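Participant: Below are the chains, spelled out letter by letter.
There are 2 protein chains.
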Amino acid sequence: MDTIKIQLEDGDIPENWYNIASDFKTPMLPPLHPGTGEPVGPEALAPLFPMALIQQEVSQERWIEIPDEVRQVLAQWRPSPLYRARRLEKALDTPARIYYKWEGVSPSGSHKPNTAVAQAFYNREEGIKRITTETGAGQWGTALSYACQLFELECQVYMVRISFGQKPYRKAVIETYGGNVVPSPSELTEAGRKILADDPDSPGSLGIAISEAVEDAAMREDTHYALGSVLNHVLLHQTVIGLEAEKQLERAGESLPDVVVGCFGGGSNFAGFAFPFLRHKITGDQHAMRVVACEPASCPTLTKGEYRYDFGDAIGMTPLMPMHTLGHNFVPAKIHAGGLRYHGAAPLVSHALREGDIEARAYHQIECFDAGVEFARTEGIVPAPEANHVVKGAIDEALRCKESGESKCIAFNLCGHGHFDMAAYQAYFAGQLERHEFTDEMLRENMQALSELPTV
Amino acid sequence: MDTIKIQLEDGDIPENWYNIASDFKTPMLPPLHPGTGEPVGPEALAPLFPMALIQQEVSQERWIEIPDEVRQVLAQWRPSPLYRARRLEKALDTPARIYYKWEGVSPSGSHKPNTAVAQAFYNREEGIKRITTETGAGQWGTALSYACQLFELECQVYMVRISFGQKPYRKAVIETYGGNVVPSPSELTEAGRKILADDPDSPGSLGIAISEAVEDAAMREDTHYALGSVLNHVLLHQTVIGLEAEKQLERAGESLPDVVVGCFGGGSNFAGFAFPFLRHKITGDQHAMRVVACEPASCPTLTKGEYRYDFGDAIGMTPLMPMHTLGHNFVPAKIHAGGLRYHGAAPLVSHALREGDIEARAYHQIECFDAGVEFARTEGIVPAPEANHVVKGAIDEALRCKESGESKCIAFNLCGHGHFDMAAYQAYFAGQLERHEFTDEMLRENMQALSELPTV
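Chains Y and X are the protein sequences, given in the same order.
Start counting the first sequence at 1; every next residue gets the next number (this note's numbering).
Start counting the second sequence at 1; every next residue gets the next number (this note's numbering).
Keep in mind the hints are simulated off the structure, nothing from the lab.
Fair warning: there could be bad hints in the mix.
[Unchecked claim] Listed next, with one range per pair, are the computed distances between beta-carbon atoms: (1) M1/Y to S407/X: 51 to 59 Å; (2) D370/Y to P168/X: 19 to 27 Å; (3) D199/X to D440/Y: 56 to 64 Å; (4) E125/X to D370/Y: 29 to 37 Å.
Note that the coordinates shown come from a computational prediction; the quantities given were computed from them, not determined experimentally.
C-beta atoms are modelled at their ideal positions from N, C-alpha and C, and glycine is treated no differently.
So here's chain Y without its partners, still in its complex pose (with noise of 0.2 Å):
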């Protein structure tokens, strides 16, 4: 038989996260307080983190070890498969090489168990009961309230009220999990009231939930907050995944990925792949690996946004992060890649795209479904729309390799099924898909909202 599937065993699950604040040739922007403009000391994330993810928010450690009871919950799933997509290659008729590590395995079918269970372990460990998240399409929301349990925490869900009305299945898992979901806004905050009483149909947002999320843990002593991405120690966790691929590449025969490519909404799957990977670019010797994010056109973060100052949440809650930004009062157009729709990015992505580490590339919805439906027909697995994107970049590099002639190694990141999408694809097959531009005077206009902010 020809090897499809590379299986790792237990022992080969990662005994560290890798950090790769500790590589970059000049170091990260520190977040800044949005009243005095100071750099946030870790004191001032305390009421909404343990302390031993602040240091992790905060480690020049290159190597952060993994806790042995997060390893043995992770155990149920990774180390996850790594494929050499054999039919797809076949169908695009290209000498390239193509990989892809698939993280749908995860009892919630995403990568984002991989951070929720380290995040409920360390709230655990320092005595927290209840911990409070936003989600949008629900893949975090679900994951969280799933870690909560298995660490006898309570979880609150605050889900984006459009999302909460059309994906109502989501409440449904959340609620297996044992998690509580309301639809943000919600009565249950100051923030949520407020803008309840300005627009009782509100259809909420991302950055709502955020700010209606940190309210409710910054009230109470027994609840922290927590984050699908974005953050450090968020994308830190996630470089499990990239880990292990570097060792399933390995026992396939190959040395390292000519192209790494990855799904970039927040930052945490396409850092958690990436990473890895781009330690030998930055550190050592291979100077024409290509790192490409993938991000939707309506939502072009990285290829469209500024670098600069901005607030993680739509309210300005947060502490000032510097990163990519949109402007925090952008609102994505309703794509059905949820996920993707966030207007900022991760500052590691952020800093590692500055200094020409990685580039990115954006693609609009019907495009990346097109490549998502080729990908089902050919390797079998029905990608979510947010894969999509990864698989739209895949295809386009082995294009172009078909077009050279060159066969390269081209490596992805396929972080979850779209077993709760279909009506996405559903809406594909049947045109009502829509093209949504981003244009030059959106972005002037969201970054006016910006201009009192310090600059980076």
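Model the placement of chain X on the given structure of chain Y, informed by the hints.
Facilitator: Just chain X now, with coordinates in the frame of chain Y:
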């Protein structure tokens, strides 16, 4: 770390399917032609199935070789993992050791591709261009559509009309894999047109959809029919599950399980897991091993059905099969475990029950969802509503062990994830699940339609 996952290598994918018919102490009764009452020969099935499958249907060989090309496709997700349910054991406070085989890692999320791939392969080998089938809840239609795509066959799915309306996402998945799906009864067949003429609002049934798919296949030279359960060759293809599990239990340091549990609808996932273990009971010295089939109380084929000759479809187009049946006219209550709503039982399973080799138990859906939610909250996986029946059965066995203080080894097959079925969980949490009774009077009525048929 405690071992929770027992993984095998590609080389451990079975090279042969196990045919239990060769090991029964008394021979199986043959299927009969409904007109003549005579045994049906292979040639009568040739318009519907490729000869390789017909030979498997009647084979008395103990081991039947799995073609390399089929194993190559299965290798994408096989061997599937076997898990030790340590967190469930702890929650139940049971001395039992509970293991479950996890088939939800397949591309379509259930065990169905194991046979879909084999059936598509043999049809392609015989030059067939198109396959028809029926589907109820949609898992089988999805799996066959996936398999047909890989072997470049057209796939035509007749989906029970009421399910088609309730589960529009199933249509989207089937189309993503390139299959065609129509609600049944349809205008495409004489059987469908006849039923629509009598009742334009007919909700359809699995029996009607089978009639349509069979008629479609019989009419066209290039077209065959495929069934997702019940028939001998379908059960045969699923034995990869149990054969792998046997090897995995050995690796976990267990000998054979004391109790084997499976959920039961048509019989393929039950048999695929249980038959390889059962062979040690019927041919070896494992006389104390218990093998338990768990079925819905609203469709209690094994626990209340009569063992006799009956049709496989609603209209009476198939050969007569010797099986436990509730009567081919019976339309089961609309429970959420759509995959278990079938009036009959696979002849091989019926035979094993009659011989006293297995036992059967019926559960109501609410107690099954209770069990499924407990499983999700401990093991992290949300089971399909069908699979909740086996979870309930396994938990019952584990609680018996707690009472008796016995540390038994309980093994079961978790045949699929519930990510397509969250509407059912939603109804469960909303307290909207009904308790459907099956009465002796219903059985008497159903059996009247069978009074003219030959007896066993």
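Participant: Now tell me, hint by hint, if it's right for this structure.
Facilitator: Evaluation of the provided hints:
1. Distance hint check for M1/Y and S407/X: the Cβ-Cβ separation is about 39 Å, which falls outside the suggested range of 51 to 59 Å.
2. Checked against the hint of 19 to 27 Å, the pair D370/Y and P168/X passes, with Cβ atoms roughly 21 Å apart.
3. Look at D199/X against D440/Y: about 60 Å separates their beta carbons, and that is inside 56 to 64 Å.
4. Checking the proposed 29 to 37 Å range against E125/X and D370/Y shows it holds: the Cβ atoms sit about 32 Å from each other.
Hint 1 alone, counting from the list given before, is not met by this structure.
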